[in-house]
Amino acid sequence: MTKPMRFEILRLDDVDGSATDRVIADAETVRELVQDAARTGERLLIRPCPTV
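With positions in the sequence shown counted from 1, the corresponding number in the working numbering is that position plus 2.
By construction, these hints were calculated from the structure, which means they are not laboratory data. Glycine residues also receive a C-beta, built at the ideal position from the N, C-alpha and C atoms. Just to be clear, a hint being listed does not mean it is correct.
As the list claims (entries may be wrong) - Each pair of labels, with its calculated beta carbon distance range:
1) Ala39 <-> Met7: 13 to 21 Å
2) Thr4 <-> Arg41: 29 to 37 Å
3) Pro6 <-> Leu46: 14 to 22 Å
4) Asp15 <-> Val36: 16 to 24 Å
5) Thr4 <-> Arg49: 13 to 21 Å
6) Lys5 <-> Arg41: 17 to 25 Å
7) Lys5 <-> Thr42: 17 to 25 Å
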């Protein structure tokens with residue numbers, strides 16, 4: 003059985019680029035967050051979450 007891919011999403015501060023929030027999410031949730039960020043101009047850093 004294959005585990006769904008998970009991603010770490012960091013919301014970035016507009017001024018200095020530091021991470022202000024961290025979320026672990028599946029691909030569908032990432033898609034929704036990216037669409038929301040595109041609408042609002044929010045900056046995100048998205049990277050694969052290591053599997054355990």
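Results of checking the hints against the structure:
| no. | hint | result |
| --- | --- | --- |
| 1 | Ala39 <-> Met7: 13 to 21 Å | 19 Å, holds |
| 2 | Thr4 <-> Arg41: 29 to 37 Å | 32 Å, holds |
| 3 | Pro6 <-> Leu46: 14 to 22 Å | 20 Å, holds |
| 4 | Asp15 <-> Val36: 16 to 24 Å | 18 Å, holds |
| 5 | Thr4 <-> Arg49: 13 to 21 Å | 20 Å, holds |
| 6 | Lys5 <-> Arg41: 17 to 25 Å | 30 Å, violated |
| 7 | Lys5 <-> Thr42: 17 to 25 Å | 31 Å, violated |
Violated hints, listed in ascending order, are 6, 7; each of the other numbered hints is respected by the structure.
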